[in-house]
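Chemist: Please put together the full structure from these sequences, using the hints given.
Number of protein chains: 2
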Amino acid sequence: MTGPAKITSKTEVEEFLSKYDDFLFDCDGVLWQGDVLLPHVKETLNLLREKGKRLIFVTNNSTKSRKAYTKKFSKLGIEVTPEEIFGSAYSAAVYLKKVVKFPADKKVLVLGESGIEEELASEGIQFVGGTDPALRRDIQPEDYDEIVPDPSIGCVLSGLDLHINYLKLSMALINLQVPETLFLATNIDSTYPTHGKLFPGAGTICAPLVLASKRQPISLGKPSKAMMDCVKAKFEFVPARTCMVGDRLDTDIRFGQDGGLGTLFVLTGVNTESDILAENAETVPKHYMTKLGDIFELLN
Amino acid sequence: MTGPAKITSKTEVEEFLSKYDDFLFDCDGVLWQGDVLLPHVKETLNLLREKGKRLIFVTNNSTKSRKAYTKKFSKLGIEVTPEEIFGSAYSAAVYLKKVVKFPADKKVLVLGESGIEEELASEGIQFVGGTDPALRRDIQPEDYDEIVPDPSIGCVLSGLDLHINYLKLSMALINLQVPETLFLATNIDSTYPTHGKLFPGAGTICAPLVLASKRQPISLGKPSKAMMDCVKAKFEFVPARTCMVGDRLDTDIRFGQDGGLGTLFVLTGVNTESDILAENAETVPKHYMTKLGDIFELLN
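Listed in order, the protein sequences are those of chains A and B.
Just so you know, full-length UniProt numbering puts 219 at position 219 of the first sequence, and the rest follows in order with no gaps.
Just so you know, full-length UniProt numbering puts 188 at position 188 of the second sequence, and the rest follows in order with no gaps.
Relax, there's no trap hidden among the hints.
Any copy will do: because identical chains look the same in the list, a pair fits if it lies in one copy or spans two.
Capping the alpha-carbon separation at 35 Å, the derived lysine-lysine pairs in DSBU-like fashion look like this:
(1) K214 to K291
(2) K72 to K214
(3) K197 to K106
(4) K232 to K214
(5) K197 to K101
(6) K197 to K67
(7) K6 to K214
(8) K67 to K107
(9) K214 to K286
(10) K106 to K72
(11) K225 to K214
(12) K197 to K214
No lab work stands behind these hints, which were simulated from the structure alone.
Just so we're clear, the structure is a prediction, and the values are computed from it rather than from any experiment.
Modeler: Below, the structure is given as structure tokens:
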């Protein structure tokens, strides 16, 4: 077995770029770290566009809609359109609309933030919960009587919910006890890396429901096949001519590999070079480089 | 293999009672259902006391202290003392004090209600979190900077917390990332049966932490051995002369069996007769009867 190819020269960059027409990018840890743009990312993205490559930004962040997420790019000086962004909230909305053909008279019970609400609304899907201030309260004695399965709810969709509480968990659980209720998650990341620390990720919002309902959600985020199917259906790329760029082996790189894409691993995020060179490494990328900006730097 | 023995006659009751000196009772589903006392429970408990049997009430409910729990008995017309009650919050406090010998200068970060706080206080253990109103709020941007491992916290203890939120989960997770921080749970019941429905149980409060920290808590509730050790240390009963009475096979009956106690299963709660007579039944009690009150009814 040959190890992953480290790209360190102009010739290697040119050869790498010649293999792919379309690039899927993870964002945090690849383009930026928190609120800081990584070196020569802007120049690299411009260079790829000039060479006629198509850029698609794939994120598990469900708290922001695609439209809201463009503002994050814009703030850091990168111009992208909402159509170039594929977030897990949008992925869930597309899955419900196109794959499940979710009935127009049914509602989705959302555990999550406005990103999910905006994407469901953009696909014309009805929802309850989410950021509804009426549910941001303690459970009351009468709730134990009043929370019953709601026949108008056809799906529980959980994402990162910074306003999670026992009331919302109870409503979701009682509805999940109806076997016909769909159970989706925007993603099941166990942690949410921010401020140099690991906070609870979207997976921690559905973990209580998984335990108590004995059901597993369909995840619409990386590395799930469902997300890849949604991205492919929208962008119609050729897998062998497409490269997934990411900093996490268990989500980004596995996502690319499972979809039959090429993979480029960068060392500016969660995983390290020793993770892929270890003898028992589970996920090994096809290519890797120190940082995404190396593409620009090595070519110039 | 002989199946479980159903007790249906006066002789069988007398033979059963002659085998045991001490009785451990689960409460909900055995003594009462919600707020309704089951038939002839009061008479049965009186009868057992008259015969010189010792009664111990073992509950996974951590939201109430032993003292608060006596009020529940009293309201239903049963007189018990706090010393006869062994709750999972008390179990956790005893475990910290006696088994771990938790340092006096360290604090426990509590995810749970006043029952845990009262039991920790009764053992002289310092704590933070719990019902502190300062933590009943949304996470704020500055919290991502300010939440750091607190060297004064030596343990995260999670129970059923009806006021769980993202802020408390974040504080617990960041402290659990320090390997020296103990991780305890009053119990890990996946559901909390009430009002004829299954609401999220104490296990759903620690499930997010288990997922994100990749750590498993030591559970101090049924069916854990740690709880049995605490009960035994306090009451010094002879296992073979002690009977665990319960309505749940996976907690109560397993708890009794694992501890080498006799077991009496009653049909007034979660599990049914067909659960124990099924060919693939995992947990089979030694004895069973329709309801606890049968002891009184059959003897009279």
